[in-house]
Each structure stands twice: as C-alpha cells, then as structure tokens.
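Q: If you read the sequences in order, they're chains X, W, G and P. The first sequence begins at 1 in the numbering used here and counts up by one. The second sequence begins at 1 in the numbering used here and counts up by one. The third sequence begins at 1 in the numbering used here and counts up by one. The fourth sequence begins at 1 in the numbering used here and counts up by one.
To be clear, the hints were calculated from the coordinates, so they are not data collected in a lab. Just so you know, not all the hints are guaranteed correct.
Identical copies look the same in the list; a pair holds intra-copy or inter-copy alike.
Once the Cα atoms are required to be at most 35 Å apart in a straight line, the calculated DSBU-like pairs of lysine-lysine come out as [to be verified]:
# : residue 1 : residue 2
1 : LYS265    : LYS347
2 : LYS265    : LYS367
3 : LYS336    : LYS119
4 : LYS159    : LYS364
5 : LYS375    : LYS345
None of these values were measured; they are calculated from a predicted model.
4 protein chains.
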Amino acid sequence: MEEIRDKCGVFGIYGVRNAGALTYLGLYALQHRGQESCGIISANNGGFHSRMGMGLVNEVFSSAEDINSLKGRSAIGHNRYSTTGSSSPENIQPLVMNYSRGYLAIGHNGNLTNYRQVKRELEKAGSILRTSSDTEVILHLLARSKKERIEQALAESLKKIVGAFSLVLLTPRQLVAARDPAGVRPLAIGQRRSSWVVASETCAFDIIGAKYVRDVEPGEIIVIDQRGLHSYPGMLKKSPHAFCIFELIYFSRPDSKIYGTNVDKVRRRLGRALAKEHPVEADIIISVPDSSNTAALGFSEESGIPYDIGLIRNHYVGRTFIRPEQKIRDLDVKIKFNIVKGVVKNKRVVVVDDSLVRGTTSKKLVKMLREAGAKEVHLRLSSPPIVSPCFYGIDMPTKSELIASHKSVEAIRRYLGADSIGYLSLNRMLEMPSLPKESFCHACFSGRYPIDISRRARLAL
Amino acid sequence: MEEIRDKCGVFGIYGVRNAGALTYLGLYALQHRGQESCGIISANNGGFHSRMGMGLVNEVFSSAEDINSLKGRSAIGHNRYSTTGSSSPENIQPLVMNYSRGYLAIGHNGNLTNYRQVKRELEKAGSILRTSSDTEVILHLLARSKKERIEQALAESLKKIVGAFSLVLLTPRQLVAARDPAGVRPLAIGQRRSSWVVASETCAFDIIGAKYVRDVEPGEIIVIDQRGLHSYPGMLKKSPHAFCIFELIYFSRPDSKIYGTNVDKVRRRLGRALAKEHPVEADIIISVPDSSNTAALGFSEESGIPYDIGLIRNHYVGRTFIRPEQKIRDLDVKIKFNIVKGVVKNKRVVVVDDSLVRGTTSKKLVKMLREAGAKEVHLRLSSPPIVSPCFYGIDMPTKSELIASHKSVEAIRRYLGADSIGYLSLNRMLEMPSLPKESFCHACFSGRYPIDISRRARLAL
Amino acid sequence: MEEIRDKCGVFGIYGVRNAGALTYLGLYALQHRGQESCGIISANNGGFHSRMGMGLVNEVFSSAEDINSLKGRSAIGHNRYSTTGSSSPENIQPLVMNYSRGYLAIGHNGNLTNYRQVKRELEKAGSILRTSSDTEVILHLLARSKKERIEQALAESLKKIVGAFSLVLLTPRQLVAARDPAGVRPLAIGQRRSSWVVASETCAFDIIGAKYVRDVEPGEIIVIDQRGLHSYPGMLKKSPHAFCIFELIYFSRPDSKIYGTNVDKVRRRLGRALAKEHPVEADIIISVPDSSNTAALGFSEESGIPYDIGLIRNHYVGRTFIRPEQKIRDLDVKIKFNIVKGVVKNKRVVVVDDSLVRGTTSKKLVKMLREAGAKEVHLRLSSPPIVSPCFYGIDMPTKSELIASHKSVEAIRRYLGADSIGYLSLNRMLEMPSLPKESFCHACFSGRYPIDISRRARLAL
Amino acid sequence: MEEIRDKCGVFGIYGVRNAGALTYLGLYALQHRGQESCGIISANNGGFHSRMGMGLVNEVFSSAEDINSLKGRSAIGHNRYSTTGSSSPENIQPLVMNYSRGYLAIGHNGNLTNYRQVKRELEKAGSILRTSSDTEVILHLLARSKKERIEQALAESLKKIVGAFSLVLLTPRQLVAARDPAGVRPLAIGQRRSSWVVASETCAFDIIGAKYVRDVEPGEIIVIDQRGLHSYPGMLKKSPHAFCIFELIYFSRPDSKIYGTNVDKVRRRLGRALAKEHPVEADIIISVPDSSNTAALGFSEESGIPYDIGLIRNHYVGRTFIRPEQKIRDLDVKIKFNIVKGVVKNKRVVVVDDSLVRGTTSKKLVKMLREAGAKEVHLRLSSPPIVSPCFYGIDMPTKSELIASHKSVEAIRRYLGADSIGYLSLNRMLEMPSLPKESFCHACFSGRYPIDISRRARLAL
C-alpha cells in the first residue's frame, strides 16, 4: 500500500541493428523498477553513443532523434531510483569510463555492502571518484586490474566487493553480464532471432519479441561477442543462494518470470494461502491496485467471496505532484485512490494488500472505507510483517519507521482501525514459489541477513 | 480498446481560501477527460491570476509556487484534449477576456455545431477572433451583449449558439455555470462546507472532500456569488434531453456519479446484459484494463465464468512516447499491454471491452492472445457497433475509419480473427442506466443526431 | 550616459525569396532600438508564418530552423522595448489578427496619446482587447472599417488616433507602411534589386545590401504589392512636422541616415558647436562610449584638444546581469565602464556625453575619474538640459526624476562634482541638422509638446 | 580583424564574505578571454558550492539565487573558450575532485604540450580520466602524490608537465596559484582590504575595487590561507621567460596591466612605431573597433593624420547568430561592422588593425570601404605577419590557413586589394613594452617555440 522502491532495472542487447531503440523499449517495460533517472549507452564503431537524464524513460527520450542517435548493434540501459541526497545527475547510470583499454559502461541493480571500505582504499592509492554511487568502485577496480580478458578482470574486481549485484557491462565489442554469488537480484537471458538480450525481468523480453532462455546463474559471468555467448561460472566465491523474496511479492511485474518462476502464479498462491491461514466472513474482496490484484483474486478463489473493484487508482500522479498548502483530510491517499462508494457501501469488506511498511496510508484507507459505508473492514497481507530494512538494493525506511518492528499484530490492527488483520506467515510464504525455501533472502521479514552488511548498517538496526 | 478522447473536463469553486489549489486537485481528478493542456484562473481583488500550459496537470503545475500564485477565493479550471491541427497554446482554456465590464474567464466542455456561422457574423461586425476554438465566440457574444446582468447576457449569447456545452465562467465576483438545453455533457454541483463547487464528474468532489448536491439541469444557468447560489432555469430554448451515453460506457471514471447515476453500477449491468445476450462457453473472463474492468466483472458474475487478470497495462506510456524506427510486430499494442501468459495459456478466453472503434488494436490483441497459448478468443463488447462520429465534443475518427460503419459483425469477427464476437444491442444498452431510454444521445451507435449538426459535418458523413 | 530606451524598431520587405531571413538581418541591425522582445511575420500562400519571443534577435532566432520556417516573399519584423509592467509575451509585436478580410499583421514604433479613450470606445461597442499595447486599437479600428481597400481602411482608422506612429503592416498580398502626420519617428524606404524595403533606420538597408530611396513622408500611406509601390499622401489630417531630435542626438546609429540626414554628421556638428559654446582648457577629450564618440571627436577637432580613449565599455552586460548583494562602491557604473588609468592620470579631462537624464551615473563616473588621478573633470553635453518626459515613444523617467527639471546648471555641476559643466543650447542644437529648425519636436528639452498628450500625461507633468 | 580566441581567464579570491559574488564580477570583467562556458566553485564549511554552465557569465548566472548559493569566504572561477570537438559540458572548469585529502578544484589558463604522454601513463597505472581537458591530468598527478603539503604535492605534479599554465586551485581551507616557469600566460595578485585576489588581468581587480600588488612570478607557487599569503618560488624547474606578446597586442583589455605594464600604453606605442615604419599620405585614420582603437590613435598622433570613426561594430552578434541561407554579399563582415559612409567617402583611408590571421575578413572590409567611396585604402598592422600557430593556449587556425605563412607581404596586399600594406617588424614590436626583448614568446611571428611542443604539433607545422 505504501511504496517501497526498488533501486534499479537493467537491460542489455547484442547483435542487432538499432540496439539503442530496443533498449529504450526494454527500459520502458522495466520502468516500475526505477523512475528517477534513466540512460542508454550504445556501442558503435569502437566508440559509444550516450543519452541519459533525470525522469521517466519517455521524458528522457522525448524525440525520435534522442533514440536514433544511439546508433550501433549493442547497447545497455538502466532505470534508477535513488535514495534522497544522492539523486544528482552524475549518479545516473550507466556509468561510463574511458580507460587504458578504451571505453566501458556499466549498469548495476543491487547494493554493495562494503562500498565505503573499498572506496577508501582506492582513494588512498590515488584514484579520483566522481560520483557517490557504489557502482563506480567497480569501474576503478576494473581500471586497476592487470588482467587482459574482460571476464578475468571482472572476476578479479568482483571478488573484492561484497553485496548484491546484477550487472550489465558494455565495451565496444562485448556485452557482459554478471550476478552476485547469492543471486539476490534477478537477471534473465533472452534471445531474439540472432541477438542476445539480458534484463532484470522477462517483461522486457516480451515487448521486443524476445524469448526467455534462462537466468544468469548466481556467481556466473556471461560474455557476449560476435562469436556468441560465453559462460564463465565459478569465477567468483561460492555462496548459498539468497533470492530476494520481495521481488515475487511486490516488485516484479506479474507478467514477468523471475528466478524461472511466474510472478503471477506465486502471487495467486500467496493469496490462496492467506485465505486459508486467515479466513474471514465477508461480502467482497477488494485489492489495493495494482500490485495486489492477483493476490486478491487468489484470496477470492480460495474463500469463495466475490472479488470486486472498490478502489480506483489515479495513474497521473507523476513524480512532481504538488501537495497544496490547503488542509484536506487524507489528501495523500485521495491523490492516489478513490473509493467506489456503490461497491463498498453496507458491505463487509476484505482488503488484500501485499505488504505493510509504515501503516500510515492503510490507516487512512481504512477510515475512508468506513466513511464510504463499509460495515466491516478486514485487512489481509500476502506477506509477513516487515521488521528489518533491506541492505541489498531496496529502498526502505529505517527500522524504527517500520510499524511491525515495534508493534504487535494486534497493536497494528488497533492503530489501523481494522476489524481484523491477518499476515501470511513466513513459512507459508516461503512454500509458495516453486523453489526450495532455502533459496530465498527474507531478511526484511526475519532479520536474518545472508550477506555481510556494513558496520554502519548494523549499528543502525 | 482504442482510445476515444473526450474533449474536456471543467471545474469551478467559489468561496474558499486557496480556491486555486482546490481547482488543481479537481483537475487532477478529471485528468482522464483531457491530457493535452490545462489551465486555472483564480479571481482575487477584482483581478485574475492565471496559469496554463501544454501537458498534464502535474506537468503544468510543477512547483508549489505555480499553485500558490493562484490566490483568491474563487477559481475555474479546464483540462483539454484537442484534435490535431489546433493544439496550439492560444487555444488552452480557460479563455480570458478583459472587456467593457472587466475580466471574464470561460471553460467549455462540448462542441458548437454552428460555430463557423456565428464566427463569420461576428467578424463581419468587426470582431477579431484570436483562437481557433469554438469557445471564443461565446466570449464575443457576451462582449456585444447590452444586458447588464451576467445571467441575462449569457442567456442572450447562448441562444445564438447550437451544440453541446457544459460551461463554467468566472468574473471577479461570480462563478457561473451553464448546461445546454439537451444536457449532452454532464455537469454536477457539489458543496464543501460553505463553498460551492461545479465539475464535469463527481470524482472531482471526492478528492477535495465535497458532497454531490445535484446536476446543473439541462438549459439551466447557475450564478454563485457571496449571497449564495442562484438558479436561472428556462432562460434558454427548450429541448428534449440527449445525455451522452458514451460517458457512461467509457469516458467517465467508474467512481463518478453522472446524470445522477453511478457509472460503476451501469457498467456492471452492461456486462451482465452482455453475458445474457451473447453467452459463451469459456474458461476465463479477462478485461481490457482499466475502462472495461467493471463490465468484465459483471459478465463474470452473470455467466459464472471466473474473472482473471490476463492483460497488464503499462501506465508509463505518456504523451510523448516515441515509436522507434526498428520494426517490431504489434509494438503499438505491446507498449500498452502485456499478456500474462500463465493465465491465458490453454484457456478458452472471453475478452470484454467497452467499445470497438477502428479495430486495429483489437486485431493485434487477439493475435497476441493466441500466440500466448489461448485456445479460443471470444470478444464481447459492452456497447453496440459504432457507426457514426460524434459532433458534440468527443474526438472520434471519421465515419470511414469506424470499422462497424462498413463491415458486418461477422466481417468484423473475421477481420479480428476472434472465435466469436458479441455486441450489446442498442435497446439493451439503453435499458441499463436508471434513466428513461429517451434521455440519451446515441448518435454514434444509431446515426440519429438529436441536435442540428453543421452542413460541413453532414457532408462528411 | 544613462540609458534612455526607444520603444521600437520596425522593418518590412516585399518581393524576394527568403523575406523572413532578410527581416531577421534587418532586425539585428535595428537591435539598439529595442532589446526586450522581437518577432517576424512572413506571408506565404495566403497565410502567415510567425516567430516571436522575449529576448534579443539572436536569442529568439537561435536555429536555422527558426529562420527558415518563415517562408514567403514578404515579411515584417519588430524589435521592442517596453516600460515596466507590460513586458508580457502577448504584447510582443508584430501583432496579428485574423479578421473578416483574412490575416493582417502590424508593427508599430511610437506611442498613441489618445489610446485609453479609443480603447474605451471600442470596448463599449463590444470589442475584446487582449493586450495592453496601444498598437492593438489600430487592429480593431481596421476590423471595424467598412472600407474595401487597405489604404482607405487604414486612413479611416488612423484619423481616429492621435500620437506618434511609424507603422509596417502585412497582409497575404501587401506590405503597407504609414507615418503619422507630424513624422515624429523615422521610417525610410529602400530598394534591393526588384524588392522594396522599409525600416526605421537605413543601417538595416546596409546589412542586406539595399539602397536608400527616400523617407515615408509624414502623413503618407505606402502600399506595396506585386504591381509595385503606391503612394497615398494626404489621406490623414495635416500637421506641422515634429521630427524627434533625440533620434539624431542619441538613439539612431551613427551609420544611419534618418530624416534624410547623416546621423554621424549631425553629431560631429553638435560636438563642434558644443566646443564653441563651452570652451575649456584641458589636456584630453574623452567620450562616454559608444553613443558619444562622434560628438567627442567633433569637440576635439574644434578645440584642438586631443581625443583619447579613457573609458572602456564592457559589452557583455546583457539583460539579466545580476547585481550581487555584496556591497561594492559604484558597481552599477563599473559593470559598464572601466577607466584606463594611464590615460587620465594627472590630466585635465573633458568628458563629452550626449545627454544627462538622472545624473546618478555621471556623478559616479566623475568620482571614478578623480580617483584614477584626473586633475580636473569637465563635463560637456551635446544637447540641452532634459526637463520634460517624452510621450511619443521614448521611455524616460518621470519629470521629477529628470535632474534638470528641478536643478539649475550650477546645482547640477555641484551635484556631479565636476569642475565645470556645459550644455549645448536649444537654439544651437536645432541649427545642426540640415533641416529647418521648425521641423523638430524638442519637447524633452523645451516642454513644448507639438501633439496633444493625454490628460493623464498632462497631470503627471 | 579576424578573431583569435584565448582559451581562458582565471580568478580566485580568499578571505571575504560573498567570495562567490566577487568571483562572478571578476569573471564578468574577464569575459573577453572566454565565452563558451564558465564556472565558479566556492569553499564553505569544509565543502564546496558549485555552479557552472555553457554560455556567458550573465547567462550561466542568471538569477540572484545562482550567485547567492555560492556561499563561503573563498572561491575560484574560470571562463573558457575551447576548440571545436571538445566543447562538452564535462570540460567546463573549474574541475573538481574529491580525493583522499578531500575536495580540490582547479582552473587553468594555458596548454600542456605533453598532455597525451602524461595521460597515457596515468591510465596505464589505473587512473580513469573523465574529460578531454588537459587540465585533468594535473588533478590525477595531485591525487597520486604522497606529499602532505599542497605546495609540495603541486610542485611534484607540475614538474611532470610541460607547457603553459597559469593556475588557480581551491581547497576547503586554501587558495593556491601557480605559473609555469616561462610565465607564458599572465597572472596577477591583488588585495582588497584584508582579502587576497588573483586574476588573469587587473581589469578584474578594478571592478571589485581591489588593488594590484604584483604578478605571480614565473615558476612561483602561492598558497593563501588564514595566516596570509605564502610564496614558494623556485620549486619548479628553471626556464627563461617567454611572456606571450600577443596578450599585449590583442588579447588583454586595454585597461588591464599585465606583466606589470599598461596594455594601453604598449598599444599606443605600437601604433606610433607603425606610423614611423610605414608612413603614408592619407586623409583619415580609422581603426577596426574595438581592439585596434588605441593603436590607431597612436598612429594618428605620430602621423598627424586625423583619427575618425569609420566603422561601427554591432555588439549584439552573440554566440548563436544564424547565417541565413539567403545569399548576401560579405554578410559575415556586415554582421559585425557597418561603414559610416559619410566619413570615408572620397577620402584616402588608413585602416589600422592589430593583426592579420586568414585575411578573408580584411579582404571584404577593403572592398566595402571602396564601395562606400574611399579613394584609397591603406592597411597598417600593429604586429608582424603571423606565420606559425600557438601551442601555449591560444586558439589559432593551422599553419596553412595563416595567410602570411605562404604569401609574401606584396601578395597579401594584392589578395586584400589594398593600395598599400604595412606590418610592424618583429624587432620594433619587441621594443615597445617596457620589458627586455628576451622576455617574450613570439613564436606565432617568428616560429621559434621557447617551450617543447608535442611531436604531433611539430608534425603539423
């Protein structure tokens, strides 16, 4: 109900005329993963073309010229959402460098937990960092590597960093992809006729008519050049898997396949399991559109209570919506949602949402539903209580702002003013995807961090 | 499935601090009625403040300063969509004039069918028109009227024009609203504490916490000043009612009440009636989001076939989306929709849509559904075939571009490649709203135009 | 020394390919007459192309496309400077109307003294004025005229207005020029191969290689069409001539010919006469660049005292120069001028300037010269004391701000801190141009206004 | 007559409130040294404020906010002109880095001749360069230095580079200045109450009311901190002096003092010497404004032939002036200059200019003078023929484009169409400044390069 924003989406393509134009479409399909800035680099005749800026894909690329100038047969692109304070233009990705071996560009989804330490060491050795982005240290490690081959230089560099990373890299002659040994963030490989594609989610393949082939494996480096795709598994340290479960619950698009599984299918199962774990007598099921729609359908199927559309979402809100000074009750919620009064009036309503972060929006929504005439309001969450922030690439509030970190479920219910509340339990949740339970990172629900986090992060917990 | 764009939304408010800020919110709620340009005029100390521009509400008003500069206790606003060729800045509404009686602003939803004739007469008499907007002639008629009182001058002026108009006007001391004698476009009156509001749809009341009172009656002029709301019915020519049925089927938001009826309720009934009129054996019902969602739910309820989410709509498309040169099959559809393959695969699918204009998009969608593995694709339309364009304020293609104007239903089915097709019949459709059948304009479905159209328009039919 | 800004420069051309491009060059040569905004209208195939904006000619026309879009074989252009408060985009000229006879554009240099009265009458009759520019009333008078021929309609309209006007008008088939009966502002006719040109000053002819033919006569209307140039003298009321003498003293470029006389020649004679009327013992003559250079040379020739360059003018100052908060002595003068210390040190310096308005800048300049080591500073003005503001198209401060309106010459000298001061006397000044004394308006020096000024203006004196 | 553009102007100030605002004024006074881009960095509370952009000082700093945001008591600024191809935003100076010792900014006037070699070595060692500006290598050398004190790190770094450099550097606590051992480009020290100032020319001191103290000596490093100004001479390699003579002839403003000498005085002496070396019988002397004015006055004084103003320069030309397609003879010259016909008609005219580069503009000017009626046209240049390009920071055409590199003086005269031509000889020129002849670099006139130029440059000669 409240927004948790993923930090990034990445895309890369090799071996097709107008690679820049296809990357533009890919980024557009991945827009939900980052709305602050975006950029595309294409490789052409040994050099790079580049276009990037603050804003949505259709704002940064607002003329045919913007896209057509990205000439060449390979390209990478990046959508970014950044936390406050570092939303400056120099952090827009892909980052590019011109070093002793020529041009290289990089796009990164994830977060490095030992960033500060690596940065300090690089600076001591005389490197000049120009951004406040953790991604830049990978460039400097690459520039300092003496290894001749890109996969070797990359492996050497990535062994020095800790954290979550799904990377795309571009050189004038190669497209490179890599995924951290735990595989925290998704990264899929696709094929479109004779060209190769990599993307954070498969919905970016659908828009350009590419087919999903497989995921980049955790710890794998992929190099694509004119002789084809080369896989370099096992060059990084080994690690148990730790796929982000939140991608399945909330982030990824329901029409995507990630970790080889259909997001839509998982969400429906989450909704069904939720109905079983927390049944309720009610007249209608409504969802908080759009991310909870599928879970709500699952809840409806399992419970037999009819699904209805009780909330209309306004999609024109944009990044720059101005809250006027005028005092209006619950305006921040009304800007996004309006209640279809005829639907909820005199009804016992189940509201299905995917997760609860601060709780402030839900509280207002419950109140609005009651004012619109709902007889009862039952809140059902298709994931467990969020108790700990993410340090692997998802922007969440601090621990103290997470309502479930310091309130019992009953206290949360009272705070929200709901007639009942039900969270899906951790174990049930982990049973839903068609992967072993042990494959997932669920630190935000359990507080168990599978990858070392920085001292600074630990102290803030 | 294809877009038909309404020409405008209007909003007005009187008697509250920060009237401009509330108008901004009202326009935001009415954004679906016009995305090309918008503007707000507020009245303050005998003068006007004004801000308008090309783009969405949140683009034109992108800083607190933009909104706060609209000082004063009354304001009107306008969202506009215009047809190609006249999308120039001088046509942005509200239009303002400074004439012998001072400042006056006007916002118009509708279309004048005798515009050219009135314009010619005004110019002959020495008036200089500066826009290509039909709304401007109303200003000139007002400027030439000798009547002292605004309602009289307005009545005198409106008697000279023919067509559809829901108007809001602002003077330094009054908010005025008027609706044409047939009541083609909606216009509602609301109240918020001690202030009065008028708006095209009631969803604009919800966002600011105003309550729906009643509609401006067809042929009624309303004047609101510091002594309250004054109604002047019967000053215009009498006419049978001709409420636009398309507002209920497609344009208005489902959470709005228009013509005193819940849009959501009507759409659900349309879906139910459609299921009765054109039953089908199938596994799932999917809608073309978002305008057809409620009709699809109604179809599902009546037929017992489960409702599912088979199409995901990308809401980031924006007004400036660039189609790259790169040839990609069905890109124009893929940009807006992606299919959830797991949902439709091996299923007999009923696609419920609200209307069919050119048919090109639907054809591609049917194909994409089949490629995603749908066993059968049945198209159901919750309105009759569109055979004639609208001349009362809705932007439609010419008659020859309307697929149903020259193809039989069976020919349309073959063209689209659907297994079956079913249109709701005109009579059934007209039975659905809680108003007498005779109240509606259904010229687009029947070709019977209740208000004189221009000679030029007649020739083009 | 202080800036007095003329309100406008006008340009028109007929009968040549790329008329818009030539107009752009003409406006560029006339840039000194108005720097606030500019615009060009070209006539092509019965319609108009238009481009206008706030800023200098090279800012408004900043791409080849801006210029090349102005297709057609005739065009008019306008540079504008406006007084505070009305510098809004809608006042940018040329003004265009689309009226019963088609398109018409107008550019105006001058000022109408009965503007408010004419405006009131037009509004009473139902006209809607959209600008705060006096020029617009001419359009409305034209729109209301029943005369068929443009010269007749224009004569009828111009007979209703009082004031100073040099006009260019454009219709799809004609270029029209007119000058008020007193001929206050200049307007010259030129020829370039088979095409005709009109411009405020002949420097606009030089840049495009056109030759000066003659002036538009006071009270004359000129119509140029494909059959050639047609003169309509005597259609307006008769009036004695009242050529603005200030054009010769300060405004016009020294390389222009206006009123048929070389500006440069007149200024040199003014300098010589000044040297005779107010001789002084000194070591060097310096001018306040650039407008006083020629007068200073004349002073030097007559007096035998060598001319030198003691002040350097910074030409990068631009319209948006920001005065920082930091307190710096005499910054407003230092921004424009720096003293060449080696030139003035230990010298008795004569500073020749063309006129003195408020005196504040001169006071600081005198102080800076002394600080740079000048032994004596003698100020010489090549025009009489300015005692009354202009109401015929020159932007001057109010009477009370004019230093000479309330201070004796000796008091001015003391205020400025100069060792001596000398103004050229009114009679001597009027003897300098090669025209009879009676031909000139010298209201700013004498307070005798040759054309009726408005009641409001009279009260402000 | 043709433009030779200096690459840069630098400014720095320490120890005053609003240091950023004073730097803005300093850059404005130095605008003639670079019009492509500009930037200011101020130091405040251990961090930097920064503002930079493409365009003139008054374009980049167009609001009070732009200037007031540059808080702090020390600042440096830079005006830049760059050669084609590298005019990209990332090259705008001052360049800033955040390295192991914190923030550091640098502004550079000059050109490094061993740039490519140093760059290659840095990249080999793993440095990532992000600009194509030679200045950046100084930052990387500083980042790699192990020396603790800034003057030592800077000396170590500067010993590795060859070429011309006048530098200003800023750290959160220091203002640093340095000049190459040959002293090619000027750099002066000034004082304003308790604050220190450095600038390329003293005209930047005049505008803020600072006093000239002395030059930064060739090879000297200056560090200014809260304990005052510290001089570190002799830390760089020794070298004979090689002051750029072209600064005196053309670049610097006549009101500046550079190399401790008045520019204006030198130019007057050049004019006088030119009159002696190449006397001529003529009626008037005119200059090509504005850079040749003083030399023309000197010529007039020595020859006794009166000085006059025969060319008017249009100062509105701007950086984006568009040449329209329309074919107009000599338009490129007419855009800048117009001839005052009354002055030159039937006269024998001497045109004094400071230098001759390609000769194309002069050729057209001679023709225009003849067409305006000049009986004879004699060209006099106050410097010798330019035969070799500059590699020390002045942007000149290649050798083959320099007319004097391949044409005799008589051939040049014929090409220009002048009646006579006279260049000041190298020896006479070098006698004019009040410094020993041996102090100057005159490579552009003599081809003798006092500092090693790169192999690439040598090959191009």
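Q: Each hint should be assessed against the structure and marked as holding or not.
A: Hint check:
For a Cα distance limit of 35 Å, the shortest separation of LYS265 from LYS347 qualifies both inside one copy, at 29 Å, and across copies, at 15 Å. For a Cα distance limit of 35 Å, the shortest separation of LYS265 from LYS367 qualifies both inside one copy, at 32 Å, and across copies, at 23 Å. Taking the closest pair of Cα atoms, LYS336 and LYS119 never come within 35 Å of each other, the shortest separation being 40 Å inside a single copy and 42 Å across copies. Taking the shortest alpha-carbon separations for LYS159 and LYS364, neither the intra-copy value of 47 Å nor the inter-copy value of 48 Å comes in at or below 35 Å.
When the C-alpha separation of LYS375 and LYS345 is checked against a cutoff of 35 Å, the pair qualifies only within one copy, where the shortest distance is 7 Å, while the shortest distance between copies is 39 Å.
When held up to the earlier numbered hints, the structure conflicts with 3 and 4 and fits the remainder.
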